[in-house]
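Please work from the sequences and hints to get the whole structure.
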Amino acid sequence: MHLLHTTLKHHAQVLDHILCSLSAARMTMNSTAIRHANICHRSMPVESAEQHKQVTVPYSAMLGVDNRSLYCGRTVLRKVFLWHKKLNLVRHMSGSVLSKFTKDIDLEKLREEAKREMRKTGQNMQLIDKVRELVAQKCAETIANYTEEEKKKLQVIQLEHNFLYSEGYDIPSPDLMKDELWVEAMALSSKSQRLKYYLYIQKKKYIQDAEREKRAAHKEEMKNREKQEEYEHGRIFMRIYEQTMRRWLNYGLARAMLYGTPLVFDMDYVDHMRPQEQKNTAHQLHDAYCLNRGDPAEDPFHLHFTGCSPNNPVLKLMQIKTQDSPLLLNTVTEKSYIDLFDKDKLVYLSPQGRQVMTEFDPEAVYIIGAFNDKVSSKPVSYARAMEQGIRCQRLPIDEHLSWNQGTKNLTLDQMMKIMLDVKRKLPWKVAFKAIPKRKLR
Amino acid sequence: MLISKVLRSGCSWSQLLYTLTKRNASLSALNSVSTCCTIVQQQSRLPYGLPIQCMHKAQYCLQNVRYLASSSSSDSNANLKEEDTQIQSPVGGVAINRNRRDWQVSFRDFIASRQSPQWQIEDWDYVAEKMPLPNGPSWEVLCMHTLYQDKSLALGHSLMKYLELKGKSPSHITSTFFVGLLGATSASSDQDDETKAFFDRLLSQTDVLDPASIEVLCHGLSHTKYYKECMKLAQMCKETSNVSPSVLMNMLIASVRFKDLAFCESTLAMLEEENVEPTQMASFIPKVIEVYLSSSSEQACAAVMDFCRKHSLLLPLRRTEDVIDAFYRLQPDKWRIQASYVHHRTGRCVNCQHQMEKIEVTDAEFEALQQAFLKQVIVGSNIFYKSTPEEVSHFVKFVEKTGPYDVVIDGLNVLHRQKRPKQPDVLYKAVRHFHDQGKKVLLLGTKVLTRNISAFKNFSPRPIIYMTSTTKADDSFFLYAALQSGKDTLIVSQDKLRDHKFLMDPKLRHLFQQWLKTVQIYDWFYSRYGEFTIGRRHLHSIGPTRDEAGWHIPLNDIDKDYPFGHAKVLCVRDVTVATKIITKSDNSNRRPLSADGITNDRKRPRINYGKKKPANNKSVQQPEQINLDELMQ
Numbered sequence: 001m002h003l004l005h006t007t008l009k010h011h012a013q014v015l016d017h018i019l020c021s022l023s024a025a026r027m028t029m030n031s032t033a034i035r036h037a038n039i040c041h042r043s044m045p046v047e048s049a050e051q052h053k054q055v056t057v058p059y060s061a062m063l064g065v066d067n068r069s070l071y072c073g074r075t076v077l078r079k080v081f082l083w084h085k086k087l088n089l090v091r092h093m094s095g096s097v098l099s100k101f102t103k104d105i106d107l108e109k110l111r112e113e114a115k116r117e118m119r120k121t122g123q124n125m126q127l128i129d130k131v132r133e134l135v136a137q138k139c140a141e142t143i144a145n146y147t148e149e150e151k152k153k154l155q156v157i158q159l160e161h162n163f164l165y166s167e168g169y170d171i172p173s174p175d176l177m178k179d180e181l182w183v184e185a186m187a188l189s190s191k192s193q194r195l196k197y198y199l200y201i202q203k204k205k206y207i208q209d210a211e212r213e214k215r216a217a218h219k220e221e222m223k224n225r226e227k228q229e230e231y232e233h234g235r236i237f238m239r240i241y242e243q244t245m246r247r248w249l250n251y252g253l254a255r256a257m258l259y260g261t262p263l264v265f266d267m268d269y270v271d272h273m274r275p276q277e278q279k280n281t282a283h284q285l286h287d288a289y290c291l292n293r294g295d296p297a298e299d300p301f302h303l304h305f306t307g308c309s310p311n312n313p314v315l316k317l318m319q320i321k322t323q324d325s326p327l328l329l330n331t332v333t334e335k336s337y338i339d340l341f342d343k344d345k346l347v348y349l350s351p352q353g354r355q356v357m358t359e360f361d362p363e364a365v366y367i368i369g370a371f372n373d374k375v376s377s378k379p380v381s382y383a384r385a386m387e388q389g390i391r392c393q394r395l396p397i398d399e400h401l402s403w404n405q406g407t408k409n410l411t412l413d414q415m416m417k418i419m420l421d422v423k424r425k426l427p428w429k430v431a432f433k434a435i436p437k438r439k440l441r
Numbered sequence: 001m002l003i004s005k006v007l008r009s010g011c012s013w014s015q016l017l018y019t020l021t022k023r024n025a026s027l028s029a030l031n032s033v034s035t036c037c038t039i040v041q042q043q044s045r046l047p048y049g050l051p052i053q054c055m056h057k058a059q060y061c062l063q064n065v066r067y068l069a070s071s072s073s074s075d076s077n078a079n080l081k082e083e084d085t086q087i088q089s090p091v092g093g094v095a096i097n098r099n100r101r102d103w104q105v106s107f108r109d110f111i112a113s114r115q116s117p118q119w120q121i122e123d124w125d126y127v128a129e130k131m132p133l134p135n136g137p138s139w140e141v142l143c144m145h146t147l148y149q150d151k152s153l154a155l156g157h158s159l160m161k162y163l164e165l166k167g168k169s170p171s172h173i174t175s176t177f178f179v180g181l182l183g184a185t186s187a188s189s190d191q192d193d194e195t196k197a198f199f200d201r202l203l204s205q206t207d208v209l210d211p212a213s214i215e216v217l218c219h220g221l222s223h224t225k226y227y228k229e230c231m232k233l234a235q236m237c238k239e240t241s242n243v244s245p246s247v248l249m250n251m252l253i254a255s256v257r258f259k260d261l262a263f264c265e266s267t268l269a270m271l272e273e274e275n276v277e278p279t280q281m282a283s284f285i286p287k288v289i290e291v292y293l294s295s296s297s298e299q300a301c302a303a304v305m306d307f308c309r310k311h312s313l314l315l316p317l318r319r320t321e322d323v324i325d326a327f328y329r330l331q332p333d334k335w336r337i338q339a340s341y342v343h344h345r346t347g348r349c350v351n352c353q354h355q356m357e358k359i360e361v362t363d364a365e366f367e368a369l370q371q372a373f374l375k376q377v378i379v380g381s382n383i384f385y386k387s388t389p390e391e392v393s394h395f396v397k398f399v400e401k402t403g404p405y406d407v408v409i410d411g412l413n414v415l416h417r418q419k420r421p422k423q424p425d426v427l428y429k430a431v432r433h434f435h436d437q438g439k440k441v442l443l444l445g446t447k448v449l450t451r452n453i454s455a456f457k458n459f460s461p462r463p464i465i466y467m468t469s470t471t472k473a474d475d476s477f478f479l480y481a482a483l484q485s486g487k488d489t490l491i492v493s494q495d496k497l498r499d500h501k502f503l504m505d506p507k508l509r510h511l512f513q514q515w516l517k518t519v520q521i522y523d524w525f526y527s528r529y530g531e532f533t534i535g536r537r538h539l540h541s542i543g544p545t546r547d548e549a550g551w552h553i554p555l556n557d558i559d560k561d562y563p564f565g566h567a568k569v570l571c572v573r574d575v576t577v578a579t580k581i582i583t584k585s586d587n588s589n590r591r592p593l594s595a596d597g598i599t600n601d602r603k604r605p606r607i608n609y610g611k612k613k614p615a616n617n618k619s620v621q622q623p624e625q626i627n628l629d630e631l632m633q
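Chains as they are written, first to last, in UniProt numbering: chain A, 1 to 441; chain B, 1 to 633.
Keep in mind that the hints are not guaranteed to be accurate.
As the list claims (entries may be wrong) - Think about it this way: if two alpha-carbon atoms lie no more than 27 Å apart in a straight line, the pair counts; the simulated DSSO-like pairs of lysine-lysine are:
1) Lys-358/B - Lys-517/B
2) Lys-472/B - Lys-343/A
3) Lys-228/B - Lys-153/A
4) Lys-358/B - Lys-501/B
5) Lys-374/A - Lys-225/B
6) Lys-408/A - Lys-447/B
7) Lys-496/B - Lys-439/A
8) Lys-501/B - Lys-560/B
9) Lys-408/A - Lys-496/B
10) Lys-153/A - Lys-501/B
11) Lys-472/B - Lys-408/A
12) Lys-507/B - Lys-378/A
13) Lys-501/B - Lys-374/A
14) Lys-487/B - Lys-440/B
15) Lys-501/B - Lys-310/B
16) Lys-375/B - Lys-259/B
17) Lys-501/B - Lys-408/A
18) Lys-152/A - Lys-232/B
19) Lys-225/B - Lys-151/B
20) Lys-151/B - Lys-310/B
Note that these hints are calculated values from the structure, not bench results.
What follows is the structure in structure tokens.
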């Protein structure tokens, strides 16, 4: 514990230094200052973090300094574009392929490569493209390495796809089927499952096409529009740039890492989830992270991702999702929460818990399972708490709301909203506004 | 007007529509059918949700009429076309590509525009050149698939001939569809041979077949005398993926069609082996019955029905009309069908007084359940889902020490499943009821029960009470206690306990369900004097059964208000056999059973309520009727 704190303190000092230099850079728009900041960033004690088996990817986050121009107009557009690209990647690739092949990807190395290539060719090359390339390559490798039996199965599946296509189902045509889709289809056990999967891909494709069209139309419209003068000076409000905002928010997170209340996300549920659910968890985790960062009370939690090996697919997916603005300012560790905190203080939040959480206890360390179960509704987290002998509580949903339908399992971002509100001592009624209305009466 | 009168008299909808279209093959039928359709739409408050069924029937009849009318008048045809499309539009498949659907419509229009079914080479040339589908499969595949769907054999033959003429060998997919088409329309043994020849040619071309084409091939082959090939195909399918239920159902229907008991049994074994959930099969019952009626193969059908009874499959209410229709259509003037129910105490069908079998679980089966329960249900994949190891071991010891019990009561269920206004002392009454009979009672619940147990102080011997820590465990715990105590221990609970059923091994599930049927008390009420009284217990199987004079087919009348159903059955009587029995009994007071006496029959108080014990049955063939009549006098 002590060691951890010292390293964090050290990090925070460096961080302050960077922030100062950065603000200087922005005010004077001095390129040397930016370079200085970059150097500082690189000399960060990353090794010290790795010594404690902490997978921290934080500090490039707050800088966000790259060779993009600071001026907004174009960057915003570009960001929108990138954002779409990001979504497309995650949408396009199906769950098991993503979680299987992105497990041992070295993201830092890939980013370097992408940058180098971009410099060389001058084309827009992003990390996402790199990841996609790599995954496609790996899929091709696996198909090439199939045994005789598997090869036969693949052949049968391809024949079947062709047949289903000629039966008139709305599925992608055989020449549009890529390696990764075949790999995914191989994992499915019956004809109806595969048909459903193909239908799903086609549906996604339609949505994607529609989006692309819409974007192109918008672009066309923007081109034809008369250019307005972007006049910044002479207004009473100073423009606050996104980067400034981000830096400010990240500063809040860094402060929380030093002095904030801990909140644990138990990441050790990978075995219980299907690939699709892992993907959803990664999305929700990202949302929860952002909500915590933008806490209106400016007192975010210090998030701990426990039981999280560096190759945890959920973490990897989350990192891929947040690559263009890598934001993880929290503790990621392989250790269990039992090793990190006092056992008496731990409280597992589970919808199946027997005790009711009446109010937020600032002394307690709350644990939320980073777990999604769409199909089976087994009390997994409750069982885990019982097994480890930890207190297990549920939210007082029944006491304050009249429930209509649906499970009482909440998503991670909803949980985060509720926890932030409760921490501010807001009443439960207000906190429970995060629960979607369709579930209430 | 006439039609509505007929309908009011209780005649079957489908029967009416069918006769209308079949007998009046003229244009005058058009009007009557359309009025009939409007009546169907108006009267939506009929039992069994008939109108939806009838709409499909009406659609079918309309197609018939359209076909008949097309030869004589074009005006009426146009009128009907509009109606037809209105009905058909929601039926089309959702997952079908839109371009593809448009293409099919245009192709069908093209077929309709040709007068003669004998197509010339120019016609096919036209289709090949003018009607390609961009980004789609080749034109012959498209054509053959449409022809397969429409079952137009002549055009299929002509297309194959055309392909031969052009020197093209048909692709693997085209020939698959052609085999399906040949088989599905097969009526003669020549065509069966032809199907087999094409099938063999297809097999010689490729060594692997995929599950989707196997489905089509099985559909075709199951109609021919070479239906045994389906088993080979299913084995081939099994190598790479699960066998789809439709293949298995086609095989089952083929076995009924060709009266092959051995094949039927092997298919049923495969069904159980493949872990296909048997409840999926319930919707295929009408089809099986239809095939059985047209082929009259008693044994194979009986095997299927035994399977249904074993897994207690019930006929969905919305398919009832199909079954009735099949009986009336395929063997007219032979059957009389009535909705009936099995009386809970006597186990007789109230309509025909047929005695149903009692549900029984043998000792060996019970033992298997006993041994599997703790491991599969309570422990499962993680013991902490329900309980803790300490609690389980404590309860096991507790049962050893205090058991065996005569009655196990699910305390929470008795406490909370009561109508308003809620009474506080229901638990006391329930325990009192069994205690007064001198039975050893185990009351199981959670800590909530502490409020209520003070009432049991005066009991001697005191009822045994166990309280679990969570509500998760209590269900499985009382089941465990009941299983350990023996075969005759009763369970008092209104829970359907399906979640526990599905935690068990697939082979034990039906046993578990049958055991529950024998021991569970789910219907109770509090009498005028506040006494706990047991209501109905259905101890007799209602599953599909065959007797000398017909069938009993159970209906799925389970709904929210009656989770255990009313034991409704479709009582199918063979009119010819039934009249014979009546003449045998030579009772002059009896009115003869006739088709028009349906409504009168209901009023006749023929039900034996079991209060007055009838003398023990003497003869085999419906002796109860005689006894009843004696009682009445």
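Okay, the hints, checked on the actual structure:
{"no.": "1", "hint": "Lys-358/B - Lys-517/B", "result": "holds, 10 Å"}
{"no.": "2", "hint": "Lys-472/B - Lys-343/A", "result": "holds, 25 Å"}
{"no.": "3", "hint": "Lys-228/B - Lys-153/A", "result": "holds, 25 Å"}
{"no.": "4", "hint": "Lys-358/B - Lys-501/B", "result": "holds, 21 Å"}
{"no.": "5", "hint": "Lys-374/A - Lys-225/B", "result": "violated, 46 Å"}
{"no.": "6", "hint": "Lys-408/A - Lys-447/B", "result": "holds, 23 Å"}
{"no.": "7", "hint": "Lys-496/B - Lys-439/A", "result": "holds, 26 Å"}
{"no.": "8", "hint": "Lys-501/B - Lys-560/B", "result": "holds, 19 Å"}
{"no.": "9", "hint": "Lys-408/A - Lys-496/B", "result": "holds, 23 Å"}
{"no.": "10", "hint": "Lys-153/A - Lys-501/B", "result": "violated, 34 Å"}
{"no.": "11", "hint": "Lys-472/B - Lys-408/A", "result": "holds, 16 Å"}
{"no.": "12", "hint": "Lys-507/B - Lys-378/A", "result": "holds, 23 Å"}
{"no.": "13", "hint": "Lys-501/B - Lys-374/A", "result": "holds, 21 Å"}
{"no.": "14", "hint": "Lys-487/B - Lys-440/B", "result": "holds, 15 Å"}
{"no.": "15", "hint": "Lys-501/B - Lys-310/B", "result": "holds, 15 Å"}
{"no.": "16", "hint": "Lys-375/B - Lys-259/B", "result": "violated, 42 Å"}
{"no.": "17", "hint": "Lys-501/B - Lys-408/A", "result": "holds, 24 Å"}
{"no.": "18", "hint": "Lys-152/A - Lys-232/B", "result": "holds, 18 Å"}
{"no.": "19", "hint": "Lys-225/B - Lys-151/B", "result": "holds, 19 Å"}
{"no.": "20", "hint": "Lys-151/B - Lys-310/B", "result": "violated, 36 Å"}
Checked against the numbered hints given earlier, the structure breaks hints 5, 10, 16 and 20 and satisfies all the rest.
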